[in-house]
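Novice: Each chain, letter by letter, is given below.
Protein chains: 2
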Amino acid sequence: MELYGAVEAGGTKILAAVGSAGEEPLALERIPTTDPGETLDRIIRFFRARASEGLPIRALGVGCFGPVDLDPDSSRWGFVTSTPKPRWQGADVAGTLGRALGVPVGFDTDVNAAALAEYRLGAAEGQDPTVYLTVGTGIGGGAVVNGKLLHGAAHPEMGHMLMSRRGDDAFPGSCPFHGSCWEGLASGPAVEARWGRPGEDLPPGHPAWDLEAWYLAQGIVNLLMVLSPRAVILGGGISQVPGLINQVRSAAASLCAGYLDRPRTPAEWARTIREPGLKIPGLTGAFLLAEDAADTKAQ
Amino acid sequence: MELYGAVEAGGTKILAAVGSAGEEPLALERIPTTDPGETLDRIIRFFRARASEGLPIRALGVGCFGPVDLDPDSSRWGFVTSTPKPRWQGADVAGTLGRALGVPVGFDTDVNAAALAEYRLGAAEGQDPTVYLTVGTGIGGGAVVNGKLLHGAAHPEMGHMLMSRRGDDAFPGSCPFHGSCWEGLASGPAVEARWGRPGEDLPPGHPAWDLEAWYLAQGIVNLLMVLSPRAVILGGGISQVPGLINQVRSAAASLCAGYLDRPRTPAEWARTIREPGLKIPGLTGAFLLAEDAADTKAQ
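Those sequence lines, one after another, are chains A and B.
Everything in the first sequence is counted per this note's numbering, starting at 1142 for the first residue and increasing by one.
Everything in the second sequence is counted per this note's numbering, starting at 1142 for the first residue and increasing by one.
Isolated chain A, as found in the complex (with noise of 0.2 Å):
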């Protein structure tokens, strides 16, 4: 059997893992997210200690928190970019990993990479275009269109879509760059700067949970409009609340108006705004960018 190693970069922390996508991992490891240097020493340190156990892999696959540098003609393809986070900003991910490891890399966002999962084995198996959000310290969103995963000048930015602030709502936002962006309205450290107290302290029926759902639903009608996909996966923390994700479905057909043909029905409510279906859907993801880069590489 081939084995890959598939890596999910987040902003506090990281899963390495050697397998390959829609198998238990034969090896994982949680790395903490610290500085470039010893964040992907570590990461190099794990899959040779993994090769001379007789696990090696073939290729590489990265799903990174963003922003990244996507362009396969860029000579910083593979890099991390302008992100606000200490030391990463110009830090080469790919092309550190891959010449340390001597394998080829696929590499791309983390919610990409979940969209990918999620489309070719999840939830979402066949249905394009398919959108992956994660909501958490962040907003992020990932898709796949017309079969492959969605890239242009860099790549999506869903959770910084300008939005509508509901009227009986004053919070401000806490994006540093729009104040009221999606993510500055609905992230997990807005919900936190608006209501005192951090998500998991506020008990269901919270009016709170009321408010969320609203702007998870604002920004999900607006993907709608844009993208008219097939399914929307709610992942991330904050969207696991119980009975969120039917709340974020009713108001979103509330927002939609009956405007659209599809979906109109409770049910293709239910069908369209959708649970992730996998465990680990970007580590997942991880694997296919792996498995997808091994064979460009062998063609």
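Some clues are possibly wrong.
Note that the list lumps identical chains together, so a pair holds whenever it fits in one copy or between two copies.
With a Cα cut of at most 25 Å, we get these calculated SDA-like pairs of lysine to any residue [unchecked claim]:
no., residue 1, residue 2
1, Lys1289, Arg1403
2, Lys1226, Ala1398
3, Lys1226, Arg1403
4, Lys1226, Thr1406
5, Lys1226, Asp1402
6, Lys1289, Asp1433
7, Lys1154, Tyr1400
8, Lys1438, Asp1176
9, Lys1289, Asp1214
10, Lys1226, Gly1399
11, Lys1154, Val1382
12, Lys1226, Thr1180
13, Lys1289, Gly1239
It should be emphasised that the hints constitute simulated quantities derived from the structure, not laboratory data.
Source: prediction; values computed, not measured.
Could you slot chain B onto chain A? The hints should help.
Specialist: Then chain B, alone, in the frame of chain A:
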């Protein structure tokens, strides 16, 4: 030389032409959009008359006002669906024309057709993703993503993104579904309802244009955040107001607030938000849809 038929169907008028994409049409007729029976009959008679004069068409392409059904597996593919336009709801546009003329039919929205034309032959040649916007009696948007037109559950309805009203604007919005969606705040009828006279009568320098540029910019920023397009073509009547596109670029840069790596400089904003490159993008796109339909049929 192979000849094709093209139909650009708008809400008030229809253009029908014989020729091929990127060439001056050999025959062109403007047909008023009345009821579907009469209108489709006039289109059929136009193409039959041209065929009898030695200009037979190999295939037909139709770029149609929406909403339309684009699902190839649907029994209503090629139909106009839930339009408020009198009597067009449920009209079988593609089927009626294809059966009467005995040729393969390519069918899409008018704005998707225009996006395809600008992407293959116009101002956005090879720029993937490309978005084409038309701002006039409504706001419509189409897109090419990963080399193909953007479809899904239905097709883009970019004009119905939900928007933030500018602090100094009390106009409630003119969309019968959403009030203050993009179209409700920035279409031609919205401008006329807000200022009491149509855009044609508002002089350069009138505050209407600064506000209009701000709303167009807000929607375009959201498109950048979702689709990461390399080119956004600003078409349609309102967008042709002298100087407006530069105001839109400035307002978009300001709203984006330096968040994106690209576009960032004024030159990059000018390359991202572009004027149409084609005189008749919708009709050119319809010719391309016809050529693609002929190629598909020939396979």
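Novice: Now, for every hint given, state plainly whether the structure supports it.
Specialist: Do the hints match the structure? See the list:
For the identical chains of this complex, Lys1289 and Arg1403 are neighbours both inside a copy (23 Å) and across copies (21 Å), given an alpha-carbon limit of 25 Å. Taking the shortest alpha-carbon separations for Lys1226 and Ala1398, only the inter-copy value of 18 Å comes in at or below 25 Å, while the best intra-copy value is 40 Å. Taking CA atoms no more than 25 Å apart as the test, Lys1226 paired with Arg1403 passes between copies only; the shortest distance there is 19 Å, against 40 Å inside one copy. With identical chains, the CA atoms of Lys1226 and Thr1406 are at most 25 Å apart between copies only, with a shortest distance of 23 Å across copies and 43 Å within one.
Taking the closest pair of Cα atoms, Lys1226 and Asp1402 come within 25 Å of each other only across two copies (15 Å); inside a single copy the shortest separation is 42 Å, beyond that limit. For the homomeric pair Lys1289 and Asp1433, the shortest alpha-carbon distances inside one copy (11 Å) and between copies (21 Å) are both at most 25 Å. With identical chains, the CA atoms of Lys1154 and Tyr1400 are at most 25 Å apart between copies only, with a shortest distance of 24 Å across copies and 42 Å within one. With identical chains, the CA atoms of Lys1438 and Asp1176 are never at most 25 Å apart, being 30 Å at best within one copy and 57 Å at best between copies.
When the C-alpha separation of Lys1289 and Asp1214 is checked against a cutoff of 25 Å, the pair qualifies both within a copy, at 18 Å, and between copies, at 21 Å. Taking CA atoms no more than 25 Å apart as the test, Lys1226 paired with Gly1399 passes between copies only; the shortest distance there is 16 Å, against 42 Å inside one copy. Taking CA atoms no more than 25 Å apart as the test, Lys1154 paired with Val1382 passes inside one copy only; the shortest distance there is 22 Å, against 51 Å between copies. For the homomeric pair Lys1226 and Thr1180, the shortest alpha-carbon distance inside one copy (13 Å) is at most 25 Å, but the shortest distance between copies (60 Å) is not.
In this assembly of identical chains, the alpha carbons of Lys1289 and Gly1239 lie at most 25 Å apart only when taken from the same copy (23 Å versus 32 Å across copies).
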